[in-house]
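Undergrad: The chain contents come next:
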Amino acid sequence: MAGSADTEGRSGKFEGKEGMSDQLKKKRKVLLIGWDAADWTAINPLMDQGLMPNLQKLVDGGTIGRLATLTPPLSPMLWTSIATGKRPYKHGIIGFTETGADGKTVKPVTNVHRRVKAIWNILNQQGLRSHVVGWWPSHPAEPINGTMVSNFFQRASKPIHMPWAMREGTVHPAEKSDLFAKLRVHPAELTAAHIAPFIPDFGKIDQDKERTLEMLSRILADTASIQAAATYILEQEEWDFMGVYFDGMDHFKHGFMKYNPPRRPFIPEREYELYKDVVSSAYRFHDLMLGRLLELAGEDATVMLISDHGFHPDHLRPVSLPEEPAGPMFEHSPYGIFCVKGPGIKEDAMVHGAGLLDITPTLLTLFDLPVGSDMDGKAIQGIYEKPRAIELIDSWEAVTGNSGMHPRAHADNAITDMDQASLDQLVELGYIEDPKADPEKAAMNTVRENRYYLSMAYMDGGKLPEALKELEALHLEAPDQLRYGTDLARTYLRVNEPEKALAVLDRLVHADKEKFDADQTEKAAKDSAAPVKEYKEPVRIQWLRANVLRSKGEHEKALAILRSYEKDPNLGPRVQYRIATVLIGMNRWKQAIKALEKTLEFDPNSAKAHHAMGVCLMKTKDLEGAIEHLHEAVGLNFTTAMAHYHLGEAYYLSGAYEQAAQAYAVCLHLSPGLNRARLRLARIHSEKLGDPEVAKALLDEMEGHRKGEEIVVVSGLPRSGTSMMMQALVAGGMDPFTDGKREQDDSNPKGYYEHDGIKSLIREPGIIEQAQGKVVKVVAPLVPYLLPRFNYRLILMERDMHEVLRSQNTMIERGRKSKGEPAFRTGLLDAYQEQMEKLDQWFKVNPNVNVLRVRYSDMVADPAKEAQRVNAFMGGKLNVEALMGAVDPKLYRNKKATETL
Amino acid sequence: MPIRYALIQITAVPLRIFPEGTGPHVSFLCTMAENKTRTGPDKALVPQFTTPDGKPFEVPAEGSLSLLAMGHVGLMAWREARIRKAAAENLKGKKG
Chain A
3 MAGSADTEGR SGKFEGKEGM SDQLKKKRKV LLIGWDAADW TAINPLMDQG
53 LMPNLQKLVD GGTIGRLATL TPPLSPMLWT SIATGKRPYK HGIIGFTETG
103 ADGKTVKPVT NVHRRVKAIW NILNQQGLRS HVVGWWPSHP AEPINGTMVS
153 NFFQRASKPI HMPWAMREGT VHPAEKSDLF AKLRVHPAEL TAAHIAPFIP
203 DFGKIDQDKE RTLEMLSRIL ADTASIQAAA TYILEQEEWD FMGVYFDGMD
253 HFKHGFMKYN PPRRPFIPER EYELYKDVVS SAYRFHDLML GRLLELAGED
303 ATVMLISDHG FHPDHLRPVS LPEEPAGPMF EHSPYGIFCV KGPGIKEDAM
353 VHGAGLLDIT PTLLTLFDLP VGSDMDGKAI QGIYEKPRAI ELIDSWEAVT
403 GNSGMHPRAH ADNAITDMDQ ASLDQLVELG YIEDPKADPE KAAMNTVREN
453 RYYLSMAYMD GGKLPEALKE LEALHLEAPD QLRYGTDLAR TYLRVNEPEK
503 ALAVLDRLVH ADKEKFDADQ TEKAAKDSAA PVKEYKEPVR IQWLRANVLR
553 SKGEHEKALA ILRSYEKDPN LGPRVQYRIA TVLIGMNRWK QAIKALEKTL
603 EFDPNSAKAH HAMGVCLMKT KDLEGAIEHL HEAVGLNFTT AMAHYHLGEA
653 YYLSGAYEQA AQAYAVCLHL SPGLNRARLR LARIHSEKLG DPEVAKALLD
703 EMEGHRKGEE IVVVSGLPRS GTSMMMQALV AGGMDPFTDG KREQDDSNPK
753 GYYEHDGIKS LIREPGIIEQ AQGKVVKVVA PLVPYLLPRF NYRLILMERD
803 MHEVLRSQNT MIERGRKSKG EPAFRTGLLD AYQEQMEKLD QWFKVNPNVN
853 VLRVRYSDMV ADPAKEAQRV NAFMGGKLNV EALMGAVDPK LYRNKKATET
903 L
Chain B
529 MPIRYALIQI TAVPLRIFPE GTGPHVSFLC TMAENKTRTG PDKALVPQFT
579 TPDGKPFEVP AEGSLSLLAM GHVGLMAWRE ARIRKAAAEN LKGKKG
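Protein chains in written order, with this note's numbering: chain A, 3 to 903; chain B, 529 to 624.
All clues stand as given, with none of them false.
Computed list of lysine-lysine pairs in DSS-like fashion (alpha-carbon distance at most 30 Å, straight line):
id	chain 1	residue 1	chain 2	residue 2
1	A	K160	B	K613
2	A	K610	A	K380
3	A	K528	A	K515
4	A	K184	B	K613
5	B	K613	A	K206
6	A	K515	A	K559
7	A	K260	A	K211
8	A	K184	B	K620
9	A	K743	A	K502
Calculated directly from the structure, the hints in this document are not laboratory data.
Excised from the complex, chain B in its bound form (with noise of 0.2 Å):
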């Protein structure tokens, strides 16, 4: 069931957010470097991120500790990747 959550929507996630068997082993270092601002679709700022050798950062829609960390910026650049994937696979869906 779609829920209202902040700015967002997303899909409601339960507690128990972990697949069975071992998980991915997540390198700790991502570090990034919040460069510059781009204007999005709808006008508005979005921040950019790149890797610590300048190259450009997807932001993956699972997030990262990096993210988090970043605050603000990373938290709403990861909402809105979640959405983003969210909304790509919606489409997908009705095509299929």
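Just chain A, with the same shape it has in the complex (with noise of 0.2 Å):
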């Protein structure tokens, strides 16, 4: 979180109205703007064509940039992740419906399970008047200051000629649920004024077969009863703050994308001619309605446009959608659209890095008021014309005073027409499976859905642990749902568990070919002379098969499952970065070169390709084709910390020091942890720039960006005495970071102590966070690969170099079945030597790593006095006798003295 820390007094100061200052009363206006999937890939070509020239203004005139969406990106949590600053396990909504409270009903997902403040309750405490329209979810309608009109308005239930009643608690303040009542539209009223410039040749639709007019009907219905509510309020009330939500165009898109230009080959050429431009008219009407929202805003006015995803416009949007829950979540993209407008707000400026959960602290920032420490997003600071400091409160939830939320109460059981409309909309979307077919499943199934969109929210917040809780449950209870168990899989490899990801991969090969199997058996009995099918494991088990592999180290296996789909029409082309990430593990550069090549012929804007392809020409010494590749990257997408760190190496590598330091120092504003990068940046300013001061302070703040507890390292060359001293810190009262795979024998009879997980470091760094608080044996090649986020304390075991080589080759000898050859190459002395040396060097520079070096020697003579120096490194915290109780002096076996090389 940027800015201030400092929050003493701050919940005082934030009480309530009556704390108020005068500078906040005259605080600025504004309007928030929702567009669902609203994406600036279909946006640009519009406006370039000058058909969308409200949004062109808004652009113009202010700062824009791309909003990175959360996992999963289902909108009622995306949007309560919008107006709160938190994540979905934060805030509390979860998924499309909710059950009632006898547990046996499926309703749409309302605002009643919201655990948190959402910004307009934040103000409503402040004095401000808010106002809100359509958010997704927001009924019962907020008993706030200002009005609210529910996600539940909108939504016709009944043909025109019957009533068409509100539904209770739509509208706060209730006595003016009449006056919206009159300002919906039914879609019966359309004309084919509306229609026509969506469909122009609308009457070639055979209603009776086709229900796409009544789709769009609905869809443009909905969206201008929100229009007429937000303009209403606009122009008669007075506000603070306004945030209206429109959902059409996510809806216009899962309808029609499929028919957007060009053509595929699948899309028959009568329904591509009929419906191609119902998208960009979408667009069009959407900035048609923008024009009188910013019209009736005022210049004073500052107006924010988002989206909480993007939707894929072209050729990369699937072929088809998987057949599961939330399956049309496969057509969103990864971001949404950002821009702001108004007083103090740069002009023509682009931002980067922004996303989601951004807005709330942003929205907190333009009314001079604190973002919470407890929310998960930043403020975005680029926006200002001037820079700006940026307070922070411990939690927005702490303070008192009327917030206008609700009370946590239960959602009841009945399902009114209301609901069944809204919930046969999410059904027409395909979001979820019809509930009426059997209404108890049907709430069981939302249930554990909820329970698996909430794992997936954990993992996205980097909580792998109660991910993996929620997900092996789930695998547990349903071992044939793909999704579980590939999700599992995924998790188990990010906590580098392979063999539990492997376990679960054929768990569900044998659930889904059992189900095969019986589908053939029926098929069979129904008619005997059809085809025999072979069963073939599904292509994402596939993929991930390889994945878990590629981690393990098994490369060539992973490349002959990742090559056999290479010939696919389909998934040929969406392979290759996948074949390319297992070759860049095997450093064959060139061939990974040729794999990427591919994927960025076939999706020239794949930022992580551009990014892998710099990487590759990095390694080949293609410098300059590697800049450009990797300004690519960062041009497309901003955000990835890395694709700026490996620019900084390029240019470095390239003698460009200045560039190199400023794609570091970009690299560590996106990711301030990355300690990696600041050593780096460091380095340059010390040993390049000449600016020693400059160096210092970055090598300074080191400290204030590391994370989590110290890890204690002990680490030396192979048969140095690192396993004694695991032996000895463990009975000095440590707790070690081991899987205990390898067992003790004759060259280590007391044990290991090693993690398998420790020998993939160089791949999977990350797996030393698991070691926080714990001792953990690194030998000394893999030092330099420790996270520099983390503090160590590192014991380095030392021992004459000789001894060391002599006693590696008496244990390879033990294992070795037929003797004669010699154990160990020539010049392994010269290159371990060579190795520590270079690792005194990188002591010198990691200021988060302090060492103590014990010679085995000593450790064996008088392992009292040892112990005790170990014991003070450590800070006095261990059990000095049984630390010394663990040396066995009858293990030395290997010394120089006796034994020659």
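Join these two chains into a complex; the hints should help.
TA: Spelled out as structure tokens, the structure:
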């Protein structure tokens, strides 16, 4: 979180409107407009043609950017994260539906389960007047100081000739319900004049066979209703904040994006010609509405336009969607839009690295209010003409005063017509299964699906143990559900448990094959002449299996799986990036480059492919090419800190130190905890740019960016006494980070205390995170791969190099069945010495590593003295007697004095 | 059958509102600006619209996307135009 962490006395200052300063009273007005699923990739060509003049005005006069979405990209969760600055596991809105208090009915999600304050609740406590229209979910309307029109407002649940009642709780204050009811547009009111701009040849549609006109009319009427309510409020009411959310764009896109130009081969010509204009017309209609909102907001207002995720408008959209709940989310792209214009906001500017979670913190700064430290986002500071300090408060949840929030309540059980209409639309869009078929089963599925979405949110927020807990339970309950199993396997991979991941995949395949065989038997029983099909593992399991194999270092096997998809017309281009990542793991840079060329031919805007290409070219010494691709990567996706890091590396290697420093600085801006970049930047400033003070300041900064608990590392060359030191520290009271896989043997009769994952430290450095607060063995060559974001206390075991080699030789001979050939290579002595010298240099530039050197011979000769030293180094927290008792001098078997090499 | 819908009486229109055959190709951009209000015969304020070149815009009874985009005032003006048209047709019917 950026800004000052000084929070003393803040909760007093921000307790209710009585505490509001004069400065606060003349706050700016902020209009926040949400266009679900709006995407710059679709908007830019329309603006270029002059078809979105109002958005163009906003863009030209303000600051724009892309908003990174969250996973899962499901709108009720996302829009609640937008309004609260918190992830779903904090705010409590999970999924599209919820169950009634009886647990047997399925209802559209409401706001009663939201556990935290939304921006309008915070503003309410500051005496500011807010209005909210259509926010998803916002039913029942909250009793705020202003008007709230819930997301149950617009949906017509009956034909036009029947009464169209408005559900209780739709409007706050309730006495305005009748007034707002009149602002709703019924789909049946619409005429050819409204439909023709979307579907000029609508007369060719047989409405008995195609429901497209009905769908379009409904989306359009809903959208017009929201606009009518929002404009009425802007015309009639005083306001400080207004939030209005339009879901129309998302619905237009899920219904009609498949017809968007260019036509894809599987889209029939007739349908293409009929519906190809719908999505672009939807954007133009939204632009017309934006024009009116801007006009009503006035020049002195700050207007922010956002979307929660994008939507692939081009060949990247999937050919088909998985037949599973929320399958349509696969059409979403990971970046929404962001645009803000108003007093003090930069004109014609861009910001990078913003996300949905940043919206509420940014809104708070617009009102000169502090950001909650418990919010998961940060204020977007780059929008301001003049830099401003960001104040922090521990949490807005602790601030007292009327927030206008509902007390926590249970949803009732009754399903109303309005509920049913909302549910029907979710069914139609493919987001949920039809609950009418079996209500109790649907309720059970809702609970399970929401747990699954929660696990995805945990994964997205890096809370892997919590995600694992949910996914393990889900996989146990429904072992045939591919989604649960594949996400569980993926999470096991992230915590470096490839064997567990493989076991899950094998179980999934077993269940899937059983289902397949049962289908085949049933088909054969019906038709004995039916051809017998052979079972094939689903693609997503196969690709995940390749990932697991890659992480285990079994690259050839991974490649074999992935290469089998190369000739598939649909999957072939998509598998190339995966092939490239395996090849990169094998250091086959030139082959990886070829695979990446194919990836970029298919998707020239793939930031990750440009990034990988840049790395490969750097490795093949094509620095110019590397810089070009890395520039492209950061241009497409500015938020990937590692792309800037590699750009810095490429510039450094080419001698462009100023540019390298700039790239590392941006990397640090995006990822302040990446001390690896800080170290490199410090080195450039001290060695190349003649700025030792800047270098020192950077190194001093490192401490503030360290995370978590200290990690104790025992290191040294193999056979230098590292296992002995591990045994001693564990005996002394330390908790070891070990998987217990490598058992004791003649070479190490008391055990090795190793962890398999540490062997993959180069590929998966994140494993070290799990060693926080513990002692871990890391062989000397891997020490430079310790993540710089942690503090380390490192005990370096030193032993005479000849003794080390002799001991290694003995160990190898013990494990060898046939004797005769030399056990170690010549030149190893020099290599080891060079390695240790490099390590000495590395220690000098890594102030986060505190080193104690312990000579193996001293430890064996005088365990008491060395144990005292080690204990002092560890802060005196160990049991010295136990520590020294673990040292067994009898194991000192390869003394230099008695043996020669 | 006339039904009560919101503020106004309209004739019920089934969802199947589109004629057979190719429909009219309506120009998308018919941008208007609400520049002032006039007082109607019932003393209520009625929005008045003009085209981008400043000419008065007569609100069509069949409505338009631009009117929907105008929000509250556009919607009310469109419904008022529908009432006027329905009233004129009723009158014509009676005279006929």
